[in-house]
Amino acid sequence: MRITDYSWHDFAALPLDTKSRLLAQSDGAPFHTLFAQQFNREMLDELGTLATEIRTIAKSKTGMKFLQSLLCHKRAMLYFSQPSSRTFLSFLSACQILGLSTGEVRDSATSSEFKGESREDSVRTFSSYFDMIIMRSRQKGLAENMAWSLSNSDRPIPIINAGSGQDQHPTQALLDIYTLQRSFERRGDLRDRTVVFVGDLARGRTIRSLSVLLMAYPNIRQVFIAPPQLQIGEDMLASLDSHGIKYELGDDLRAALPTADAVYMTRIQDEWDSVVGESTRIDTTQFHIGVDEMSLMRPDAVLLHPLPRRTEISVEVDHDPRAVYWRQMRNGMWIRAALIATTFGFGRRIHEYFREDL
Amino acid sequence: MRITDYSWHDFAALPLDTKSRLLAQSDGAPFHTLFAQQFNREMLDELGTLATEIRTIAKSKTGMKFLQSLLCHKRAMLYFSQPSSRTFLSFLSACQILGLSTGEVRDSATSSEFKGESREDSVRTFSSYFDMIIMRSRQKGLAENMAWSLSNSDRPIPIINAGSGQDQHPTQALLDIYTLQRSFERRGDLRDRTVVFVGDLARGRTIRSLSVLLMAYPNIRQVFIAPPQLQIGEDMLASLDSHGIKYELGDDLRAALPTADAVYMTRIQDEWDSVVGESTRIDTTQFHIGVDEMSLMRPDAVLLHPLPRRTEISVEVDHDPRAVYWRQMRNGMWIRAALIATTFGFGRRIHEYFREDL
Amino acid sequence: MRITDYSWHDFAALPLDTKSRLLAQSDGAPFHTLFAQQFNREMLDELGTLATEIRTIAKSKTGMKFLQSLLCHKRAMLYFSQPSSRTFLSFLSACQILGLSTGEVRDSATSSEFKGESREDSVRTFSSYFDMIIMRSRQKGLAENMAWSLSNSDRPIPIINAGSGQDQHPTQALLDIYTLQRSFERRGDLRDRTVVFVGDLARGRTIRSLSVLLMAYPNIRQVFIAPPQLQIGEDMLASLDSHGIKYELGDDLRAALPTADAVYMTRIQDEWDSVVGESTRIDTTQFHIGVDEMSLMRPDAVLLHPLPRRTEISVEVDHDPRAVYWRQMRNGMWIRAALIATTFGFGRRIHEYFREDL
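Residue numbers (the numbering used here), protein chains in the order written: chain A, 1 to 358; chain B, 1 to 358; chain C, 1 to 358.
These are computed hints drawn from the structure, not numbers from a lab.
Calculated pairs, PhoX-like style, for lysine-lysine (alpha carbon to alpha carbon, straight line, at most 20 angstroms):
| hint | chain 1 | residue 1 | chain 2 | residue 2 |
| --- | --- | --- | --- | --- |
| 1 | C | 65 | B | 65 |
| 2 | A | 65 | C | 65 |
| 3 | C | 65 | A | 61 |
| 4 | B | 65 | A | 65 |
| 5 | A | 65 | B | 61 |
| 6 | B | 65 | C | 61 |
Using the sequences and the hints, build the whole thing.
Next up, the structure:
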């Protein structure tokens with residue numbers, strides 16, 4: 001069966017692992033990247049290796065020229081109807097590193113949509129001019145719908161979901177995993193660890209995707225620390241249960257910190273408030289990391305944050321070597337370059353260059 | 001006589017064929033592309049051939065590298081004060097295919113215009129930094145005025161009109177002609193055909209430009225189907241009369257469809273309403289193509305639409321092989337690449353590569 | 001001592017010449033370009049020479065390919081939170097000439113800032129993805145603060161100030177000096193000249209920076225012609241006094257014009273009005289140059305303007321060969337390319353190519 005054998009209605013209703021198989025190319029790499037669940041342990045390791053190779057190759061001008069020659073014949077559309085400088089610039093840089101030309105629609109006011117065109121037609125328009133669409137949207141499931149739609153057109157091109165609605169932000173999860181891999185590689189790998197998630201766990205799509213990917217690693221204990229109103233959703237807990245993953249819920253950050261190998265902080269996602277100001281009525285003062293809280297963390301633990309931050313991590317913490325969030329952000333550029341290269345089947349060529357020509 | 005021998009006032013008043021001669025380079029190719037009437041049959045055929053060659057060359061990475069090397073030393077300014085994702089991205093892609101770097105001003109809010117600068121000075125500014133200006137504006141005649149102005153400056157660079165006011169959108173006409181050429185090439189060429197225009201013929205600049213270009217082909221019958229309030233302008237009919245072109249007017253789409261070799265649908269251009277909501281008082285329900293209407297069309301007829309569409313063509317029609325509007329949109333990218341290459345005198349180099357190196 | 005040995009508070013309080021030394025690379029070229037005072041006579045001459053070489057090399061396609069190969073492995077971020085098409089496009093073009101890829105944040109509405117991120121974090125984000133930040137802001141001292149902040153991070157990358165607040169716009173001053181150098185090179189160099197500044201001298205940061213750079217040249221007489229309310233600030237006069245520079249103040253343009261080697265016109269900077277409309281109550285009708293005023297200028301004098309202009313220079317004046325403001329604007333692109341090349345240490349490579357390969 002292929003994706004084109006399903007109606008949109010039937011495809012949308014399939015279980016995630018079936019969808020993942022349908023979305024894979026013959027070498028298992030995803031054609032469309034839509035949700036974190038598409039990536040198994042083997043693929044995560046492969047992407048991490050590739051990202052590190054690209055990072056290393058990019059250190060020299062000769063290496064950069066090699067990388068830029070790989071996809072210089074391709075063009076990518078960055079369709080960001082939900083604003084995000086960070087994810088946008090990270091993908092833009094990843095494209096530039098691999099030599100892709102880019103076009104962009106970032107602001108719906110500059111688009112044709114005001115002329116009453118459907119989103120389906122807009123995306124199909126982009127597919128006429130470009131070889132890949134990287135899209136971000138407030139609308140849940142839109143990337144998936146567009147991927148199905150393109151796969152059924154006479155110009156199927158890959159889509160990468162750069163964040164859709166509150167549910168999925170798969171490349172953020174990839175960069176988080178990659179950051180954890182790198183943080184722990186000096187002392188073993190990503191197994192038998194405790195990861196503490198803190199903040200707005202109800203609405204942060206980042207932590208949902210990361211929590212899912214962590215299930216691919218042996219014996220990861222997940223701890224969710226949040227105000228009761230912002231605690232992780234029941235559906236996520238059910239998913240963890242069904243996979244036999246150990247987890248704990250709580251609202252006492254200071255008690256959880258000494259147990260953590262990694263702390264994953266998030267900000268309050270008040271742009272999703274159903275009533276303006278709703279979030280401000282929740283007391284979040286206890287869900288903050290300053291120099292004091294850092295002193296409770298182990299010497300070899302790491303502190304992550306998807307950024308942007310507000311006040312949940314003090315600026316003073318930035319100089320602590322355990323604060324890896326700036327490196328985490330730069331990791332995003334490398335893992336996205338790895339994903340794009342893989343999507344177009346250039347992973348092997350990069351491995352070869354790394355082994356033989358560097 | 002050259003364009004610099006005229007004041008703006010005198011130049012603007014010249015007949016179109018005189019202007020066309022003044023705008024041509026020594027090889028006849030336009031220096032500035034301002035209106036559809038500049039293109040005669042020979043030039044349309046040359047551009048179509050070149051577009052097809054570029055499309056073919058672009059299929060391989062080697063070919064793309066050749067194309068990108070042609071104009072890598074040039075930079076183009078995309079000045080779109082009237083928003084349009086579609087035309088913008090099409091030109092952007094055409095530039096990228098030929099290796100031009102690009103800059104853009106799409107939103108007047110981000111421009112210096114708020115500081116009280118005249119449009120003339122803005123365009124002259126762009127000419128300081130770029131080697132070509134591709135401009136789109138709501139203001140009738142602006143592209144022509146800017147072209148005259150640049151030709152009289154000490155840095156004359158070519159302008160391509162990407163749509164100005166309600167009157168001219170010459171590259172849309174080029175892509176429409178190219179699509180008709182390709183649609184009919186299997187069974188002869190673009191002569192002795194019936195083209196049925198449908199929709200808002202009063203305000204759609206696309207159909208005005210296409211109607212003009214069709215006069216270059218022998219024995220094309222033009223049929224205009226629209227609500228009376230949106231019927232084609234008297235000036236267009238006078239122009240058809242003066243060239244001895246056969247045409248018909250009507251408002252019965254179902255009667256016209258069986259006679260058509262090509263149907264050119266357009267949407268209601270309500271952004272040009274003089275009173276908001278004006279268009280909604282016109283009954284346009286009969287000017288719609290669905291699966292039923294397709295059944296009235298000949299098996300070898302084609303259905304075009306400049307896009308974006310609203311409801312005037314049902315989504316179900318997209319899968320009909322006679323619906324060529326998505327291909328038409330991609331044709332726009334290739335014909336624009338052909339036009340830009342021609343403007344810079346690189347047409348011959350592409351022909352050579354196509355003949356000898358492909 | 002290095003910049004990292006100071007707290008921000010201590011660094012900000014240092015005298016400009018100390019800051020300049022701290023900001024210089026081992027070859028004396030600035031690492032960060034923050035204020036006009038960083039550039040001494042020798043550096044200004046070197047940049048001017050380099051700009052002219054780049055301009056000459058860029059005339060051929062082979063030369064453009066050489067230039068584009070220099071920094072093709074680098075990426076620059078254009079962070080323009082204060083809108084400016086002109087400066088933006090000039091820097092964009094300079095980057096493209098040298099082969100840098102670029103990203104941009106031009107409109108704060110499309111940035112992450114709405115999520116409550118600090119500017120410091122935004123700039124640090126950009127530094128994660130790019131190799132240089134070119135920034136323009138309404139906020140006085142922001143570029144300097146960001147430069148200090150980046151120099152103290154684990155990813156120090158150069159910043160170029162493309163205009164900050166009312167105080168500094170160093171690359172505008174560089175292009176003004178370069179234009180004066182070129183204007184006078186036929187008849188000696190930039191010494192023993194009278195430069196007349198006209199217009200809004202209180203708020204135009206351009207003239208402040210240029211006035212400072214002119215102190216590097218021997219025996220330049222500076223004349224400031226403005227309505228009393230918009231006359232040059234006391235701090236500037238104190239600075240001129242302390243360097244023993246001759247200057248005059250006045251409000252009679254027609255009297256000053258015959259004495260000028262160069263006239264530097266500026267527009268009323270009403271975007272800095274503390275009350276809307278404040279500037280309109282000042283009579284500026286005498287601070288205008290038309291054909292009549294040109295007749296008062298010497299045959300070999302030159303007329304500059306940083307642009308955009310409003311009505312302070314009549315359009316008719318554009319055709320006078322002494323009106324060099326359009327060339328001045330294009331000079332901006334070349335001098336910025338020279339500055340970027342120098343920042344990355346590629347000045348010598350360009351000199352070599354110019355001497356040996358052209």
